[in-house]
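Novice: For reference, the chains in residue letters:
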Amino acid sequence: MMASNYNAKEEDGHQPAAIGHGGAGTVKNKKPDNTAFKQQRLPAWQPILTAGTVLPAFFVIGLIFIPIGIGLFVTSNNIKELEIDYTGGDMSSPCYNCSQSYSWNSTKPCTCSVPFSLDQPFESNVFMYYGLSNFYQNHRRYVKSRDDSQLNGDKASLKSPSKECEPYRTSDEKPIAPCGAIANSLFNDTLELYYIDPNGSRTAIPLVKKGIAWWTDKHVKFRNPGGNDNLTVVFQGTSKPVNWRKSVYELDPSDPDNNGFINEDFIVWMRTAALPTFRKLYRIIHKKPNMTPTLPLGQYILEVTYNYPVRSFEGRKRMILSTISWMGGKNPFLGIAYITVGSVCFFLGIVLLIIHHKYGNRNHSADIPS
Amino acid sequence: SNWPCKPTPTVRKQNKGDDSPQKKIHYSDNEIKTTKYTLLSFLPKNLFEQFHRFANVYFVFIALLNFVPVCNAFQPQLALAPVVFILSVTAIKDLWEDYRRHRSDKEINHMDCLVYSRYKHQYMERFWKEARVGDFIRLRCNEILPADVLLLSSSDPDRLVHIETATLDGETNLKQRRVVCSFLDLDCDFDPSKYNSVIECEKPNNDLARFRGYITHRSGRRDGLYKDNLLLRGCTIRNTEECVGIVIYAGHETKAMLNNNGPRYKRSKLEKQMNVDVGWCVIILLVMCLFSAIGHGLWMYQYGDKRPVFDVLSPEGAELSPVLSAIYLFLTMIIVFQVLIPVSLFVSIEIVKICQVYFIHQDQDLYDEETDSHLQCRALNITEDLGQMQYIFSDKTGTLTENKMVFRRCTVAGVEYSHDANGETILSQMTFKRFHSQSLSQLPSDLTDIIDFFIALTICNTVVVSSPNQPRQKVGTDSGPRWKIGTEGSPVLRKLRQVVGSGRSRLTGESWLTGGSGRSWLTGGSGRSWLTGGSWLTGGSGCSGCSMQTGSSGCSMQTEPGALEEGELRYEAESPDEAALVYAARAYKCSLVGRLPDQVTVELPDLGKLSFELLHTLGFDSTRKRMSVVVRHPLTDQITVYTKGADSVIMDLITLPSTDDSKGKRQRKILYKTQNYLNLYAADGLRTLCIAKKVMTKEEYAVWLRHHLEAETAIQGREELLFQSALRLEINLHLLGATGVEDRLQDGVPETIASLRKAGLQIWVLTGDKQETAINIAYACKLLEPDDEIITLNADSQVRSSHSTLTLRSFQKDYAPAYSFPPPPPSPSSSQTQSFLVHRLGLVIDGRTLAYALDSSLDEKFLQVARSCRSVLCCRSTPLQKSMVVKLVRNKLKVMTLAIGDGANDVSMIQVADVGVGISGQEGMQAVMASDFALPRFRNLQKLLLVHGHWCYSRLANMILYFFYKNAMFVALIFWYQFYCGFSGSAMIDQWYLIFFNLMFSAFPQLITGTLDKDVSSETLQELPQLYMNGQNSEEYKPYMFWMTMIDAFYQSLVCFFIPYFAYADSDVDLLTWGTPITTLALFTILIHLGLETKTWTWMNWVSITFSVGLFFTVALCYNASCPTCYSPSNPYWTMQRLLREPLFYLLCVITPVAALLPRLVRGRCVSVYESENVWDVHVCSRPHSEMLNTTGVVDLTVKC
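Protein sequences appear in the order of chains A and B. Counting in the numbering used here, the first sequence runs from 1 upward without gaps. Counting in the numbering used here, the second sequence runs from 1 upward without gaps.
Hints listed in this document are in silico derivations from the structure and should not be mistaken for laboratory results. Predicted model, so just to flag it, every value in this text is computed and none were measured. Built from N, CA and C at the ideal position, the CB exists for glycine as well. Keep in mind that the hints are not guaranteed to be accurate.
[To be verified] List of simulated lysine-lysine pairs, DSSO-like, C-alpha gap at most 30 Å: (1) Lys33/B to Lys129/B; (2) Lys306/B to Lys108/A; (3) Lys93/B to Lys358/A; (4) Lys93/B to Lys38/A; (5) Lys272/B to Lys93/B; (6) Lys38/A to Lys1095/B; (7) Lys1038/B to Lys272/B.
[As the list claims (entries may be wrong)] Residues from chain A shown here face chain B by an in silico Cβ test under 7 Å; the list is partial: (8) Lys31; (9) Tyr136; (10) Tyr142; (11) Ser145; (12) Pro167; (13) Ser171; (14) Ala181; (15) Ile284; (16) Ile285; (17) Glu314; (18) Arg318; (19) Lys330; (20) Phe333.
[Said to hold, decoys possible] Partner residues are not named here, just some residues of chain A that face chain B (Cβ under 7 Å, in silico): (21) Asn34; (22) Ala36; (23) Gln40; (24) Glu166; (25) Thr170; (26) Gly227; (27) Lys280; (28) Ala337.
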């Protein structure tokens, strides 16, 4: 009885432990445990990449990716987008004069009007962007040149901004609010949009300036020191950034909820762009409650208060009107990429199938003698 | 009152009654401390040691660079994190190791021993560490010596102490140590309080085989001290009830401790190769930095004086010149790109190796039930070398063989008897029955030969009898109660005497009495030359018997398991062969029961005990190749000489009766038959010995004795005279028979050798043994095949050796004109012929020739010849030669060498080889101590190399390449970004991700894969040893593979960068919202890449990958939610949360890894097709038709059938 018991234990994989506990007379030895882990015999899945497994995978990838790509491509194409370059580098451009005369130090505002026309109406909400090219907002020293504590409403940082803001930390012995190079270079063109009725009258299109920043930025990251009222008092003893025309508490005096550090244009600017050619949300044109399109087709005028110099870095300035879809703005790339990768997979599948067919035959014949 | 000691510069001195006690010199006490650190010194010392590693210095440099304001890219504190992490992981490992050493030290220091207390005048229990130099120590049987002790007294009647030195030199046979000469005559117990002498001896040194000094007594008498008086620390007292000694060296000054060098640091081949590529990484890094710096300079330059708003001035408000900017940027880039040098690679490799060592250690197949021993990995950092071995140098005795001699067969008087190892004594029963049943008148000559044969086996040796596990009783002395011997008392004996006596009268001339013709004999003890120099040797035959036993012998003897059961007697033999013969004789009831210097007692069935008066023992030496004993036969009272020796010499000494009568014919026939059997035995790989005897007349003996005594007492040339004397004695012998002793091969040796050979390993056997034996064993373990052409190189001078080498070469040229030396060219047809040729050649070279061959002028030729032979046997080689051979092959052929051995004589070879393997079975610890891996058996080598070696190599090689890939791929992402940020050193990847990506997010899966992945299963690896060549040729990690990996990494990073780039081009995406998806994509790509590389998926792989992804998202979400204002300069607040709501993010996560890994997938598929064909080829290959083999275009393995 004992013996058979013992043998039974020996048969299963975990016998040393069982014997060690059960048999009183067994000598403790150094024999390693016969566990799957210690003997490196863990049950394993071996994904052998054979023709049988890889070929279907290629086809499946192809079959999934191509429809997705087509869907994405169609979605992107349905997005309406209009881009107007108003840099004014060109003699014929309406903003040529402004662009030539303007620098950071000039005090007189220069305005120019750019007419354009829409061939098709924009149906849903329209987003109005300003776009800059060749503007390296991702420059390392530029990106770092800010003080998040100050922007968060910290009074100590307001009076004594972080060293990171240098050399835009103080001006005239007074701390700059908001400090740093990013704030200093705030985009300060004003864009207005007018619809030219067929009868010739201009109708200003209502541009909504709130709701363009991230909610978390507006409500968590950016705060005015000591609440939103009496910004003039709060910011007393600070200096405006050197390139600014007006102080930070004068950004939007009409709306205390959009003034000071929580001005949404300012917040949007402070979120530094990833690439040197970028756009930033400027205004939203909400869809009208009735069935008329948000922007009907016809003639429009873009009124630009030209403040922002880009000639020093050969930048371009653009105004973009765009609707958006669930996947964001107009960008056919992803759709094309999906279609391409899907097609390549499909094609490779076919090629490998052919190769496999050829080689497979050879393998077969060789296998027979064994 | 302490023991004052007064050492002189070269001499240690211990003096009890020193007149100036204030001149105390501190000797080290017996406490040992092998730890490297103390609690206080740990931090500085460990850091200091870690900074010896270049990589660590580099990383600290990078971290400190962060503190330089002009180039700080990261938060300086954060930048320290990886370095601190790496250093602390290593420090914790070191601390743990040191703690283990501390614990074992403590255990050893607190063992008990008996130390004489001068206050209480008795021996007290003390800890080992409390013993001091000059203390008297009493030791009992089976106790371990706590220090090096000079033996002053022993309970043994001969004033001997037997010790086992296995822990020191690995020899398990007992050694005798004797009491210092001056104390020899002490009859009563040694009284320490009366001791009053000064001991002077040499300074502590690590030479185990040397000890010199002298002891000066109060009387002024001075006696020499020799190594025979010294008991070394770590040895065990055996067979001796009690002994007393004085501590000479203690603690770290003991020879055992001085020999303990601690583990060596070896660097594996793979690691060397890796370091080269780390160097390349540094160069790539510098190139990338330089490129960026120049780019930045140019970028700055193009704006000229028009400073754009985004080009921020220096903190001081000064404008930076493009050149200065570029220089600053260069430093910044080094920090940003630091990840390219895989900081965690070194730590990860160490972790993986520890895990590999653990698994090797746990392997049940490498465990030996019999000795209850594991494989031990003593070197932790060369596991992967096991997968790249090309040459194996093996010791023979104890490594290939068991070193357990087993009596196999014998031939007596021309009749062959085989012997069953289990002790089935058919022969003896049959024989002795005949002896009894037959009337004495018919006592045939072959029967008397048989009896003589067994008596010779029993007494013609130096075997000592002892009882197991008990203090040695003086077996054979008359006082011994159990072994009372009455030569006259036994009635049986008396009867036999009568019988023999009457038989003699009737059978005159028959073999009992047949002796040699008259020759003069001499008498005297025959000490070995080195012994006679000892001052304790008082001379005379009284000592000669025992002095023989102290003769050093490389062999050891293991008691046969079965032997102990039948009797309580245990034999301590100088060589295992002798013991085997004695045990064999005992199996036939002819047992040795006692040996005294002048008397040997043999117990015969029904006859009882016979005591032979031992007149002389002429010990074995390698020139005569025989030994003899001269005894007075108790039955016939004749002077009889029994000689035992190598067949080649004994056969020549046999005198045949010149007469042509029947007797002469019979003798000739016997001689002829015996020679035949001897040849048969040799072919079976048995060690053969011939046994012969001669009977001397009193006159002959007297003549010989006179000369012999002269020789013994000669002052000059005594050895030579003794040698001559022995030669004079050993002539005109009468052949009794021959024995065949098997040095049994270890289990599985031929199979292991065959399999290792299939794996492409060259196996050389280097042995100290003689040529014939070595060749026999080589045949037995299939190292040589019967149809092999054997080239034997035996030369007397360099000229001849050179000549023979040359002849050999010309011979080869004649024999095989197609032969070319650099082997094997890739074309299968020529390798076919070549392997056929290699198959046929075996080289046998002896020690003396080897000495010439190793000479720098000939070594090239020797190697050329040797490498073209399939097997090489070096016989009679010294330990130094062994190591020189290994060194030569290793350095000249640039191959990976493995040396395997079990004895002290293999130590040097083990140390020289790339990987040293010790067999921990028989000969103890010396080889094991020097080795990197200790195996219980030779056959374990197969699994160790073919399976674990392959796995370790392939795992590590793949892991290292993967590491390079991973880091390069990740860093390249940032590099591409430099083109879009004005080469300003900006990074879209958040600094936290950048720093912890390697350490946390992507670390675990590769560790799991690096530890557990199996590219081929254990069974397949053992069935198809050819797969081992993969590692030999470094197939997994060739230099070009680094660059392939780099190219792949750069391609993948391009995909991972540009798909998000175009997907987000000209959008309102901000820096981190764009960078975080890239990080995620890179993580996915890297993990899926690892997944493609992983051949076997266990649940641990799944868990680790899931964990990695989970960890990344958890950390990202927590980090992005934690603080809206911290983590300057970047602040990724709520980025990940927003991303997870965007469909675009998921779309990117799907397409990018697929696009990035598509080439690899395609290539992987192709390779896997070829690989499966390879395995298949190997299968096919084992069958004769290999038609298909050559048609496969892409074969990674060179398959030799």
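Novice: Determine which of the earlier numbered hints do not hold for this structure and return their numbers in increasing order.
Specialist: The structure conflicts with hints 3, 13, 15, 16, 17, 18, 19, 22, 25 and 26, although it agrees with all the remaining ones.
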